[in-house]
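Undergrad: Now for the letters of each chain:
There are 2 protein chains.
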Amino acid sequence: MNQQQRGVLLGSGLFAGIQPDQIDAMLGCLNARQEHYEKNTLVWNIGDTLHACALVLSGALRAESVNASGEHLLMANHRAGALVGDVLMATPGSKSPVYVVASEDSELLFLPFHRIMSGCDDCCSWHTKLRENLVSEIAMKFWAQRQRTLYLSAKSLRQRIAMRLYDEYCRTGSLTFSLGGTREDLADFLGANRSALSREIGRMKSEGILDYYKDTFRILSLEKLSKDVG
Amino acid sequence: MNQQQRGVLLGSGLFAGIQPDQIDAMLGCLNARQEHYEKNTLVWNIGDTLHACALVLSGALRAESVNASGEHLLMANHRAGALVGDVLMATPGSKSPVYVVASEDSELLFLPFHRIMSGCDDCCSWHTKLRENLVSEIAMKFWAQRQRTLYLSAKSLRQRIAMRLYDEYCRTGSLTFSLGGTREDLADFLGANRSALSREIGRMKSEGILDYYKDTFRILSLEKLSKDVG
DNA sequence: TCCTTTTTGTTGCGCAGGCAACGAAGAGTG
DNA sequence: CACTCTTCGTTGCCTGCGCAACAAAAAGGA
Numbered sequence: 000m001n002q003q004q005r006g007v008l009l010g011s012g013l014f015a016g017i018q019p020d021q022i023d024a025m026l027g028c029l030n031a032r033q034e035h036y037e038k039n040t041l042v043w044n045i046g047d048t049l050h051a052c053a054l055v056l057s058g059a060l061r062a063e064s065v066n067a068s069g070e071h072l073l074m075a076n077h078r079a080g081a082l083v084g085d086v087l088m089a090t091p092g093s094k095s096p097v098y099v100v101a102s103e104d105s106e107l108l109f110l111p112f113h114r115i116m117s118g119c120d121d122c123c124s125w126h127t128k129l130r131e132n133l134v135s136e137i138a139m140k141f142w143a144q145r146q147r148t149l150y151l152s153a154k155s156l157r158q159r160i161a162m163r164l165y166d167e168y169c170r171t172g173s174l175t176f177s178l179g180g181t182r183e184d185l186a187d188f189l190g191a192n193r194s195a196l197s198r199e200i201g202r203m204k205s206e207g208i209l210d211y212y213k214d215t216f217r218i219l220s221l222e223k224l225s226k227d228v229g
Numbered sequence: 000m001n002q003q004q005r006g007v008l009l010g011s012g013l014f015a016g017i018q019p020d021q022i023d024a025m026l027g028c029l030n031a032r033q034e035h036y037e038k039n040t041l042v043w044n045i046g047d048t049l050h051a052c053a054l055v056l057s058g059a060l061r062a063e064s065v066n067a068s069g070e071h072l073l074m075a076n077h078r079a080g081a082l083v084g085d086v087l088m089a090t091p092g093s094k095s096p097v098y099v100v101a102s103e104d105s106e107l108l109f110l111p112f113h114r115i116m117s118g119c120d121d122c123c124s125w126h127t128k129l130r131e132n133l134v135s136e137i138a139m140k141f142w143a144q145r146q147r148t149l150y151l152s153a154k155s156l157r158q159r160i161a162m163r164l165y166d167e168y169c170r171t172g173s174l175t176f177s178l179g180g181t182r183e184d185l186a187d188f189l190g191a192n193r194s195a196l197s198r199e200i201g202r203m204k205s206e207g208i209l210d211y212y213k214d215t216f217r218i219l220s221l222e223k224l225s226k227d228v229g
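If you're matching them up, the sequences are chains C and G in order.
For reference, each letter of the first sequence is one residue, going 0 to 229 in numbering that gives the first Met the number 0.
For reference, each letter of the second sequence is one residue, going 0 to 229 in numbering that gives the first Met the number 0.
I should point out that these hints are in silico values taken from the structure, not numbers from a laboratory.
Where is the CB? At the ideal position from N, CA and C, for every residue including glycine.
Hints may contain errors.
[Claimed, not checked] Keeping only pairs whose Cα atoms sit at most 16 Å apart, straight-line, the calculated EDC-like set for lysine to aspartate or glutamate is:
1. G:K226 with C:E70
2. C:K154 with G:E70
3. C:K154 with G:D187
4. G:K154 with C:D187
5. C:K213 with C:D227
6. G:K38 with G:E131
[Unchecked claim] Beyond 10 Å from chain G on every Cβ pair, some chain C residues (computed):
7. R5
8. H50
9. H71
10. P111
11. A138
12. R217
13. L221
Work out the full structure: start from the sequences and follow the hints.
TA: Next up, the structure:
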């Protein structure tokens with residue numbers, strides 16, 4: 000593990016609040032294994048049962064499902080610092096609903112789930128902290144999903160957009176921010192058609208509510224935006 | 000705690016796989032407190048920080064949020080056996096986005112979250128199991144939310160209905176089942192208008208796909224239904 | 001550089017479904 | 001029983017938005 004990957008690990012939610020000098024001992028105790036995956040190689044498949052979750056040290060992973068019509072649907076993108084497979088492993092007897100591939104050359108750190116969850120014999124001081132972090136990660140993924148359902152249950156596309164932008168404003172505290180991903184990604188996230196999304200943000204721009212370029216948005220009138228949020 | 004409530008506790012996901020004769024010792028070790036809430040009394044409010052999650056021993060709880068327009072939106076119904084507030088407590092520094100009221104006279108068992116998560120000194124044999132159960136509960140709530148987003152991201156109401164019914168068929172293994180709740184509840188869950196839902200299931204009935212009465216549905220043609228699932 | 005691919009803006013058409021309104025059939029309540 | 005409240009079915013109207021199609025800008029790739 001190089002210095003940059005170590006930085007990613009230390010900055011990840013799973014290892015938040017852990018002393019850097021304890022990392023090596025921890026990884027040993029947890030029986031963590033680091034592996035390299037080349038671009039477009041499969042990390043695990045649909046129906047697989049996992050024994051370890053993966054922390055992305057570098058590169059990125061893509062999780063996709065296949066529906067009954069055989070279409071491949073992008074479910075999630077996991078960049079450096081993300082923990083993948085944790086929720087799945089926390090669910091007893093579950094098989095993966097998605098397959099996961101490396102969308103770039105990636106370094107993955109595999110952490111056996113049960114080693115994290117069950118206390119080791121000489122209850123290491125950091126073990127409890129690590130467990131809490133793991134549970135936090137899972138809980139936060141729940142909230143992300145919940146937020147998504149809130150967006151999707153909004154009646155109009157206008158409201159969905161306003162909610163998403165307002166949330167991002169609250170999260171960053173800034174009126175200008177970058178959402179990441181393409182316009183199509185945003186449309187998918189909001190459960191809408193790309194052109195419909197473009198049309199609507201165009202309208203909002205002409206109404207002086209916001210301005211945008213690519214994935215960067217600037218809220219011009221927080222008041223008007225709030226009205227649309229509902 | 001009476002015998003029926005004890006049965007609810009033993010049947011709950013949190014206490015799955017725990018020996019009945021260990022329960023009393025556990026509850027003592029966990030510092031669990033049982034409390035009675037009369038109908039329509041507040042259990043906790045929006046913005047509250049929790050110190051314990053609640054296991055519903057009898058009665059039922061209702062979680063509602065208030066949007067910017069002041070409307071009260073039903074978020075969840077928790078019946079006997081449900082664990083409430085667990086995901087919230089697993090998220091550090093979070094405040095409740097909903098208020099929770101007893102929708103009937105209810106008995107609640109409050110379990111301090113940190114007592115479950117951190118190992119006690121003489122690492123009781125059941126402690127690890129309880130922790131795993133807690134994490135499983137949270138993970139399963141994640142999957143429920145995820146399933147919801149899958150429903151909501153379906154393009155047509157027809158497809159959403161088909162997905163929901165097909166999932167229930169897979170879950171129960173029966174072509175006839177009861178979904179629970181009113182027609183309006185189902186419409187909300189599917190992110191649709193009640194009359195639109197009625198119209199659509201009426202169409203599906205006339206096409207010989209299904210039959211229904213109130214919240215009970217019978218799949219008449221699994222093949223046709225599968226076509227609609229996509 | 002040229003060529004291909006991806007991403008974004010724009011616009012017209014058509015329809016799925018939201019909305020409102022009404023009637024009917026329970027389900028409680030006094 | 002009379003009265004209220006809830007739930008459900010049905011239908012007409014109208015609009016939000018999906019969809020397809022095209023153009024142009026941007027981004028690689030060779």
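Undergrad: Please verify that the nearest CB of chain G lies beyond 10 Å from C:H71's CB.
TA: 13 Å, holds
Undergrad: Over 10 Å from every CB of chain G: does C:R217 meet that, or does the non-interface label fail?
TA: 22 Å, holds
Undergrad: Would you mind confirming whether the straight-line C-alpha gap from G:K38 to G:E131 stays at or under 16 Å?
TA: 32 Å, violated
Undergrad: Is the nearest Cβ of chain G still more than 10 Å from the Cβ of C:L221?
TA: C:L221 clear of chain G: closest Cβ-Cβ about 13 Å, beyond 10 Å.
Undergrad: Is C:R5 truly not at the interface, in the sense that its beta carbon sits beyond 10 Å from all beta carbons of chain G?
TA: Given that every Cβ of chain G is farther than 10 Å from that of C:R5, nearest at about 24 Å, it holds.
Undergrad: Minimum C-beta separation from C:P111 to chain G exceeding 10 Å: can you confirm that?
TA: 14 Å, holds
Undergrad: Does the alpha-carbon distance linking C:K154 and G:D187 stay inside the 16 Å limit?
TA: Given that 16 Å is the threshold and the Cα spacing comes to 11 Å, the pair holds.
Undergrad: So if I understand the rule, the pair passes when the alpha-carbon distance is 16 Å or less; does G:K154 with C:D187 pass?
TA: 11 Å, holds
Undergrad: Holds or violated: G:K226 and C:E70, Cα atoms, limit 16 Å.
TA: Measuring from Cα to Cα gives roughly 14 Å; hence the hint holds.
Undergrad: Checking one constraint from the list: CA of C:K154 to CA of G:E70, max 16 Å. Satisfied?
TA: 14 Å, holds
Undergrad: Please settle this one: C:H50 was flagged as non-interface, so is its CB more than 10 Å from every CB on chain G?
TA: 15 Å, holds
Undergrad: Holds or violated: C:K213 and C:D227, Cα atoms, limit 16 Å.
TA: Between C:K213 and C:D227 the Cα gap is close to 22 Å, so the pair fails against 16 Å, i.e. violated.
Hint check: violations occur at hints 5, 6 and 11; the rest are consistent with the structure.
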